[in-house]
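Visitor: Given next are the chains, with one letter for each unit.
Protein chains: 2
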Amino acid sequence: MTSHPIQRYSYGAQHLARSPVSLHELEDLKRAVGFGPQSEHDLHELWGLLADRTDQLVAAWIDRILPFVLPTFTGPDGVADQRYLRAVLSRFIKWIEDTCTRRYDQAWLDYQHEIALRHHRAKKNQTDTVESAAIVPFRYLPITTFVLIDTLVPFLTQAGVDRVVAERLADAWTRSLTIQLALWSQPYVVKGDW
Amino acid sequence: MTSHPIQRYSYGAQHLARSPVSLHELEDLKRAVGFGPQSEHDLHELWGLLADRTDQLVAAWIDRILPFVLPTFTGPDGVADQRYLRAVLSRFIKWIEDTCTRRYDQAWLDYQHEIALRHHRAKKNQTDTVESAAIVPFRYLPITTFVLIDTLVPFLTQAGVDRVVAERLADAWTRSLTIQLALWSQPYVVKGDW
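Taken in order, these protein sequences are the chains called R and W. Heads up: the first sequence is residues 50 to 243, going by this note's numbering. Heads up: the second sequence is residues 50 to 243, going by this note's numbering.
One or more of the hints may lead you astray.
If chains are identical, the list can't say which one is meant, so a pair holds when it fits in one copy or spans any two.
[Stated by the list, open to error] Result set (DSS-like, lysine-lysine): computed pairs, CA atoms no more than 27 Å apart in a straight line:
no., residue 1, residue 2
1, K173, K240
2, K240, K143
3, K143, K173
Since the hints were derived computationally from the structure, they do not count as laboratory data.
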């Protein structure tokens, strides 16, 4: 876990745009994917296991996603912008905690929208005032989500967690990330087609 | 397995549009998700287990996806169009076989594009000349893909397949469906943002 303040992390901030997705639509997505009270309970339990291991978990992800994620951090000189990378990484770690511990209410929905905008050309680079790739291409969102899901069970079992427990917790994680993938897609999708 | 001919199944047909996704981009997606020769081998092995059980597998899926999929089959009278449902179901079963046994080449890429168009307002309803919902809303694509992934291991183990084998085969299935989800998103995403 990082002890530095998290730059440009603005969960719950008044200046955030309201999500174009309604709480009613969120409830529908939760129902469709089978995300309920047990999933919320499991995510809290998961955070108890991850809280002291976020740096290692992120390291395990980075190994697999960096080849296609790195170009989205490249500056005008063709080299990855280290300041930008560090800022995003610290928010990425906080996002793990938020996924596990936040109530999925209007503030959560609004911050999912903010995350989506920060990947889309609508807001990418603005948040960290950097010059870099204009957008994270949409096609890498399902791929990245797949890696964030696929890595969890091996990571937990290697940390000594019982496999049956690891699979139960990963199941809740998978359902949450599927909902988040649907939410993150909103700014990318043609108006009216989401 | 159905013994009827598959209506409006046009894999490899000359009249199909060429996919806007290049083979180079497909190779990039395969690399990003870790889909390689072993995955192809595993999918062929999976088809060996599924070929005689597709009706049961589809039944297992339908139970979970019908609540949010059914509205996309509704006719002007507010009732699900049974002819339309049957036609799509027979192609859906053929899609399982194609996913497991086809080479992922230009013809496969073009048919993924055709599948995407048939879900999008670009071509939905035209294929089967029906009057129904104008589009499958994008947000249900990740959810449906999740269900098609999540159902496989329990289905295989209940059919007597060893759990380690089931998980290896489901892994290849998951990687393929993640690529396909990325491909199906293309007509939905704003031009230039895919």
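Visitor: Now look at each hint and say whether the structure bears it out.
Guide: Hint check:
1. K173 to K240: both (19 Å within a copy, 17 Å between copies)
2. K240 to K143: Neither way: K240 and K143 sit 30 Å apart in one copy and 32 Å across, limit 27 Å.
3. K143 to K173: So K143 and K173 pass the 27 Å test inside one copy only (18 Å; across, 41 Å).
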